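Asks: Each chain, written out:
Protein chains: 2
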Amino acid sequence: MVTIQPLSLDLKSKLQQKIDAKTKPLGSLGMLERVALKIGLIQNSLTPKLEQPTIIIFAGDHGIAREGVSPYPQAITYQMVLNFLTGGAAINVFCRQNGLAIKVVDAGVNHEFEPHPDLIEAKIGQETGNYLHEPAMTAAQCQTALNKGAEIIADLHQSGCNIVGFGDMGISNTSSAAILMSLLIGIPLERCVGRGTGLDEGGLQKKTYILKQAVQNRAIDPLPMTVLETFGGFEIAMMCGAMLKAAELDIILLVDGFISTTAMLVTSKLNKEVLDYAIFAHQSNERGHQQLLNYLEAEPLLKLNMRLGQGSGAALAYPLVQSAISFLNEMASFESIEVSNRK
Amino acid sequence: MVTIQPLSLDLKSKLQQKIDAKTKPLGSLGMLERVALKIGLIQNSLTPKLEQPTIIIFAGDHGIAREGVSPYPQAITYQMVLNFLTGGAAINVFCRQNGLAIKVVDAGVNHEFEPHPDLIEAKIGQETGNYLHEPAMTAAQCQTALNKGAEIIADLHQSGCNIVGFGDMGISNTSSAAILMSLLIGIPLERCVGRGTGLDEGGLQKKTYILKQAVQNRAIDPLPMTVLETFGGFEIAMMCGAMLKAAELDIILLVDGFISTTAMLVTSKLNKEVLDYAIFAHQSNERGHQQLLNYLEAEPLLKLNMRLGQGSGAALAYPLVQSAISFLNEMASFESIEVSNRK
Chain A
54 MVTIQPLSLD
64 LKSKLQQKID
74 AKTKPLGSLG
84 MLERVALKIG
94 LIQNSLTPKL
104 EQPTIIIFAG
114 DHGIAREGVS
124 PYPQAITYQM
134 VLNFLTGGAA
144 INVFCRQNGL
154 AIKVVDAGVN
164 HEFEPHPDLI
174 EAKIGQETGN
184 YLHEPAMTAA
194 QCQTALNKGA
204 EIIADLHQSG
214 CNIVGFGDMG
224 ISNTSSAAIL
234 MSLLIGIPLE
244 RCVGRGTGLD
254 EGGLQKKTYI
264 LKQAVQNRAI
274 DPLPMTVLET
284 FGGFEIAMMC
294 GAMLKAAELD
304 IILLVDGFIS
314 TTAMLVTSKL
324 NKEVLDYAIF
334 AHQSNERGHQ
344 QLLNYLEAEP
354 LLKLNMRLGQ
364 GSGAALAYPL
374 VQSAISFLNE
384 MASFESIEVS
394 NRK
Chain B
54 MVTIQPLSLD
64 LKSKLQQKID
74 AKTKPLGSLG
84 MLERVALKIG
94 LIQNSLTPKL
104 EQPTIIIFAG
114 DHGIAREGVS
124 PYPQAITYQM
134 VLNFLTGGAA
144 INVFCRQNGL
154 AIKVVDAGVN
164 HEFEPHPDLI
174 EAKIGQETGN
184 YLHEPAMTAA
194 QCQTALNKGA
204 EIIADLHQSG
214 CNIVGFGDMG
224 ISNTSSAAIL
234 MSLLIGIPLE
244 RCVGRGTGLD
254 EGGLQKKTYI
264 LKQAVQNRAI
274 DPLPMTVLET
284 FGGFEIAMMC
294 GAMLKAAELD
304 IILLVDGFIS
314 TTAMLVTSKL
324 NKEVLDYAIF
334 AHQSNERGHQ
344 QLLNYLEAEP
354 LLKLNMRLGQ
364 GSGAALAYPL
374 VQSAISFLNE
384 MASFESIEVS
394 NRK
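Sequences listed follow chains A and B, in order.
Numbering-wise (our numbering), the first sequence opens with residue 54 and increments by one.
Numbering-wise (our numbering), the second sequence opens with residue 54 and increments by one.
Mixed in with the good hints, there may be bad ones.
Here are the simulated PhoX-like pairs of lysine-lysine, each with C-alpha atoms no more than 20 Å apart in a straight line [what the hints assert, rightly or not]: (1) 356/A with 356/B; (2) 156/A with 176/A; (3) 67/B with 102/B; (4) 71/A with 91/A; (5) 91/B with 65/B; (6) 91/B with 356/A; (7) 91/B with 71/B; (8) 356/B with 91/A; (9) 91/A with 67/A.
Hint data in this document are derived by calculation from the structure and do not stem from the laboratory.
From a predicted model like this one, the values you see are computed outputs, not experimental measurements.
The task is simple: from the sequences and hints, build the whole structure.
Replies: Written out as structure tokens, the structure is:
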């Protein structure tokens with residue numbers, strides 16, 4: 054298991070002093086001040102910098118998809134991966150605009166892809182087991198997914214990247230996330246299951262019924278690794294390994310929506326220090342997300358009523374993270390120019 | 054008075070079709086979809102564009118400042134104007150980062166400024182009258198402020214700008230805004246008065262007491278122009294004239310925080326069509342702002358717990374507005390590539 058250093062707090066008061074000396078009322082930049090402080094601590098620097106920001110989209114297929122828990126067919130997963138690689142998806146547009154690189158990881162998509170410079174081949178299987186009838190993956194598969202996630206981050210770190218947005222693609226992965234959340238937080242499944250990409254009321258009831266059945270069929274201890282193996286997705290498990298490694302390497306983790314936050318929940322159960330490295334980008338429209346964020350004591354930068362995944366919330370929040378760094382590094386202080394402070 | 058055309062809705066269904074044909078679940082880009090639709094309608098185009106985005110900071114001083122309603126001295130107003138002009142304030146940092154131009158308007162600051170390329174001289178007076186004892190301005194001054202605001206926008210439009218963020222600077226202007234809001238919406242002053250740049254509980258009580266006294270001293274009919282003359286600021290009145298003209302010229306109005314939203318409230322009472330041209334950028338921490346936004350049925354893009362003014366919320370929200378335009382213009386549609394739609 055990786056070792057994540059708890060943040061050194063030596064720098065904390067110096068960073069706060071620097072923030073408070075800026076020519077603005079105390080605290081008036083709100084959440085941006087907290088982001089600046091957090092990144093300063095992660096980088097152990099009064100002048101932090103963002104280098105080669107990258108969105109990684111972890112894609113995987115889910116056996117549970119054949120139970121009709123999504124209004125979209127499983128083929129969407131691979132088709133959207135191709136869309137990411139040809140640059141036509143929402144995440145491509147947002148990344149181009151905001152200067153972010155994209156990597157797409159085939160963690161286990163039911164399709165054979167041609168090689169592509171932005172595609173990372175890390176397929177664990179064609180799809181997870183249908184957990185209505187069998188565990189989603191074996192313990193060995195889960196460990197391989199964690200290891201591959203770590204390798205992907207280690208490579209990215211080598212190339213100079215110090216901030217990663219975690220995105221997902223996988224038809225039916227809100228089902229997996231809902232069960233993970235329910236078991237790891239210990240709240241009823243009904244409060245975790247949502248409409249995903251757009252189920253109607255009947256679809257939501259069916260999804261809830263099937264997932265309850267699945268949880269009953271596989272009576273397990275709610276230990277993080279067991280839960281992840283039994284009900285996880287390959288993309289979610291790989292994201293967990295990536296998140297652990299990223300924190301170990303002092304990389305800023307930009308957590309996207311419901312799937313990405315669920316991966317962060319699992320990861321934090323494996324090593325709670327990872328939360329010190331996380332910035333939450335977006336609160337999605339998915340039912341369980343608000344509760345999950347509350348549980349993690351996370352306050353996301355954006356609430357745009359989106360429910361898209363792909364890292365879209367992370368890509369859209371990135372300019373705000375940049376703004377937090379920019380004000381810390383570039384704003385004038387009361388000492389540097391003639392501006393009166395409070396009476 | 055200017056004439057603002059109600060938006061033609063001929064294009065509305067075509068824009069919605071274009072949005073719905075994008076390779077994403079229906080409605081999954083949430084607020085960005087509404088922004089894209091609105092801007093398409095404002096520009097009467099299926100392929101809208103943002104040109105020469107500009108933040109205008111309207112600055113003015115307030116006679117009421119001498120009653121101690123702010124923890125900061127009046128001199129801050131002119132000192133911050135100088136800070137804006139030398140590039141050291143938060144708004145400068147955010148505008149540089151996001152590619153926005155800045156113009157600073159001296160609508161009535163208690164200081165004589167040297168000429169500067171980014172400073173627009175439009176001084177109505179050194180400061181407004183102290184409305185505890187006299188009206189803030191005369192009817193003629195108020196009309197001049199409206200006219201100058203319109204001229205400023207007309208010039209900017211000439212130079213090709215089609216989106217303006219409305220910012221403010223003025224010590225004690227949350228006092229003015231609270232009274233305007235209270236009288237024009239018809240709700241008690243206590244619910245509109247907030248801590249501004251950072252009053253403590255005692256300061257808040259004093260501010261509320263003084264403002265109640267002021268409203269009692271000047272018994273007026275709550276007509277928008279009368280309220281604006283009696284309790285407004287030069288910068289607020291000028292912003293109103295600018296907003297009216299901007300809507301008339303099909304310019305997108307990016308409304309910032311409490312002051313800017315109050316100016317939008319006054320403006321909408323003069324001509325309600327102006328709201329069709331407004332995008333609300335940020336919900337500030339100031340007490341009355343949430344209610345004011347509710348009253349205007351406005352849902353802001355950001356809620357970052359900031360309370361800075363200067364157009365900072367508008368500058369930070371600008372990349373999201375760009376993203377709304379970018380997805381509309383650049384994303385692939387279901388027709389253009391092979392991605393399955395709903396079952």
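Asks: State for each hint whether it applies.
Replies: Hints versus structure:
1. Between residue 356/A and residue 356/B the alpha-carbon distance is near 8 Å, which keeps this suggested pair within the 20 Å criterion.
2. Using a Cα cut-off of 20 Å, the hinted pair residue 156/A and residue 176/A holds, with the two alpha carbons roughly 15 Å apart.
3. At roughly 17 Å between alpha-carbon atoms, residue 67/B and residue 102/B fall within 20 Å of each other, so this suggested pair holds.
4. Simply put, residue 71/A and residue 91/A have alpha-carbon atoms about 13 Å apart, close enough for the 20 Å limit, and the pair holds.
5. The suggested pairing of residue 91/B with residue 65/B holds, with an alpha-carbon distance near 9 Å, which does not exceed 20 Å.
6. A distance of roughly 19 Å separates the Cα atoms of residue 91/B and residue 356/A; the hinted pair therefore holds under the 20 Å criterion.
7. Between the alpha carbons of residue 91/B and residue 71/B the distance comes to roughly 13 Å, so the proposed pair stays at or under 20 Å and holds.
8. The suggested pairing of residue 356/B with residue 91/A holds, with an alpha-carbon distance near 19 Å, which does not exceed 20 Å.
9. A C-alpha spacing of about 13 Å is found between residue 91/A and residue 67/A, which places the hinted pair at or below 20 Å, so the restraint holds.
In summary, the structure agrees with every hint in the numbered list given earlier.
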